[in-house]
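Quick mapping for you: the protein sequence lines, in order, are chains A and F.
All residue numbers for the first sequence refer to my numbering, where the first residue is 837 and numbers rise by one.
All residue numbers for the second sequence refer to my numbering, where the first residue is 150 and numbers rise by one.
None of these hints come from the bench; they were simulated from the model.
Each hint should be verified, as a subset may be incorrect.
In silico EDC-like cross-links for lysine to aspartate or glutamate, where the CA-CA straight-line distance does not exceed 16 Å [to be verified]: (1) F:K207 - A:E843; (2) A:K972 - F:D163; (3) A:K997 - F:D163; (4) F:K195 - F:E178; (5) F:K207 - A:D853; (6) A:K862 - F:E217; (7) A:K899 - F:D163; (8) A:K997 - F:E189; (9) F:K160 - F:E189; (10) A:K892 - F:E413; (11) A:K1001 - F:E189; (12) A:K997 - F:E159.
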Amino acid sequence: MDDRLDETLVCACKQGDTDAYAVLVKRHYRHVFALCLGVLGNVHDAEDIAQDAMLKGLVKIKKLGRGEQFEAWILQIAKNLSIDFLRRRRRVKPLAGEQLMQAGQRSQENHELEQAVRRLPGELRIPLVMYYFDKKNAKTIAEELNISHSGACQKIRTARKELHKLLTERGQDEQRM
Amino acid sequence: MNSECDNIKEKIADHVSRMLSESQVQTVEQHLEECAGCREYARALKLEDGLLTEFFAKIEADMSGRQERAVKAINRSYVSKQSDTISIGRMIMKSRITKLAAAAVIIIAVVLSITVIDKLTPKVYAIVQTVEAFRNVRFIHLIRRDDADQVKDERWIELGMDGRQVRYWQGKHGESFAIEDGESTAVYHHDKKTVVIYDREDKQYQWVGPLGEFLENLLQKGKIIKENDDYYGQPAHRVWWPMAGAECYVDPETKLPIAIGDTEMSYEQPPAGTFEIVIPEDYAMVDLRPGSETGPIPEWLQDKEIAGKRFNEATHALADGNYAEAAELFEYVVEHQSGRNWAWFWLGSAYYKQGQYQQAIEKFNKVFEIFGDNPCQYCNYYRGLAYAQIGMDDAAQQDLQTCLPGMLSALRETSAATIFEYADNPLLRYGKYRPSEQQIVNNMINRLRIITGQNFGYDPDGSAEENEEAIAAWEKWYENSGVIKVTPDAELVRIPEVVEEGVK
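Working from the sequences, and respecting the hints, build out all of it.
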């Protein structure tokens, strides 16, 4: 485990030390991935975009003035890339057949849950992912999203309720079919 | 279901997520014992809670694999970028020198160091190489980003054999704003779900205006600031390009710019279909090409078209000193296009020049409304002057203190002063006003004299050293006192005439 500070590592990166960047990637990958997952709601896309963000960070690292802000900076890059990706994806909607094929490949239960998570609005999915995946408590979520403590609780609560609604609605749709 | 149930249901989600206080937990659990409906709801939510935990745990399971893949991707990208330059030095050192006798090593090392230096020393660069390199460019891809690295403007340009723009695309995130396919120009009004088609002769979009003139300016007046500098880790020569009002980074290999100011540039071929005018399915098309039969032109479009024309006329009227006319025309523009910050600003200027300071202030306020939290120093400057004119000294102080530091630093960084020039003369927009660096500095000195009442012996005909002293004196003054004192009748520096050199 490398215990050098982020700012030391950023400095080393600027001088061309890629090993130092690899340490930064390992240290912050999880967080970046969680953010992408929160925004995108899809594991594969989140992995792609998290990787893109890390690559972009390497190219742009000289632009980063204060090394101790690496985490906030790389998260911002990841967020922007995720939003860009969503915009692009919105224009190219998958065909119905394609969706069905994917559904058949996975276990029904997990698939339903994944679909439901994906259908949640981003503002609810992000705190939900922070809570269940990142194992953050409401206080930390509130701080990171820059909202009040009660606001964070409210979001998780609403996310759970919406998710329940999505899952039960889906069940009813299928029964009707 | 009763209202108590509603109330409890609110809390069940929190209960399941373990976010309730002790006493609330008791209340909820007591209710659950009594109410089958809520019990069922809590059971479902708990089940989902388990599913969610399990679902995310599965994602978690491959975390280290994902992380490794990211690190590998990083290493791959690094190797492909660096391998060329590193290997030359290392190969020679390892394979030859170590095998030779000690005495010979010294001699050969000297010889080798010459060849190594020869190979590694970046090639000598001259600006003419960039101008030459542009001759072979067919496509230019431009991207501008904001502070958070978001694309705010993207353009593709196709150049013809004669170096003129033949096709063009402008937009962001793949969403078109304007397309020129060589014959027609399409403008996308996404808010109105409408595409308007013009004849190319009637409407054109350009990046810098005539490229030939732009390059000629680089050739004649460009300056190499630093050879073998770098641009975010990429080797690059740094060049001052006056007409762009910005520094430019030139790739030492291709001699082509990789960035001009905050615009990143590359020269690859655009994706197929980029320059094709496509009308999205649910969009209307208004065809304004001569001879085409189009239905009635929507009112909003008529207003926009007229406002565009008036804006053009208004900027010329302002530059010509016809302030009343300019004000009238700009009033029309802002009435129909209230988001045009420059129209509001120049409208304020037109009032200011007519001595109608109160109106001027109102218009400048609009500019700040549009800018939100973003700074707008030229507007602070003029609003400050307008406040001073009507004796609102505190407000004037506040505005002028805001823009003072930026104005001072612009004495050394003239690209930062260009925006003030633009504010003073809209013809800069059309390339009809092109202040030299000397003029830009002199104008800024004059603005400073007006708001500070100070005069540090700046002489437009003086030597660089003398004027350096004057600039240093301004800086020292700012550090020590920096007190604003509006002096409208300050003695001004004479602005030298520009001699246009060979620009066609």
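Taking the hints in turn, this is what the structure says about them:
1. F:K207 - A:E843: Violated, because 33 Å separates the two Cα atoms, which is more than 16 Å.
2. A:K972 - F:D163: holds, 15 Å
3. A:K997 - F:D163: Within the cut-off at roughly 10 Å; holds.
4. F:K195 - F:E178: holds, 14 Å
5. F:K207 - A:D853: violated, 34 Å
6. A:K862 - F:E217: Holds. A:K862 to F:E217 sits at ~8 Å (cutoff 16 Å).
7. A:K899 - F:D163: Violated: A:K899 and F:D163 sit about 43 Å apart, past 16 Å.
8. A:K997 - F:E189: Distance ~14 Å between A:K997 and F:E189 Cα, so the pair holds.
9. F:K160 - F:E189: Within the cut-off at roughly 14 Å; holds.
10. A:K892 - F:E413: Roughly 15 Å separates the two Cα atoms, so the pair holds.
11. A:K1001 - F:E189: holds, 14 Å
12. A:K997 - F:E159: holds, 9 Å
Violated hints, listed in ascending order, are 1, 5 and 7; each of the other numbered hints is respected by the structure.
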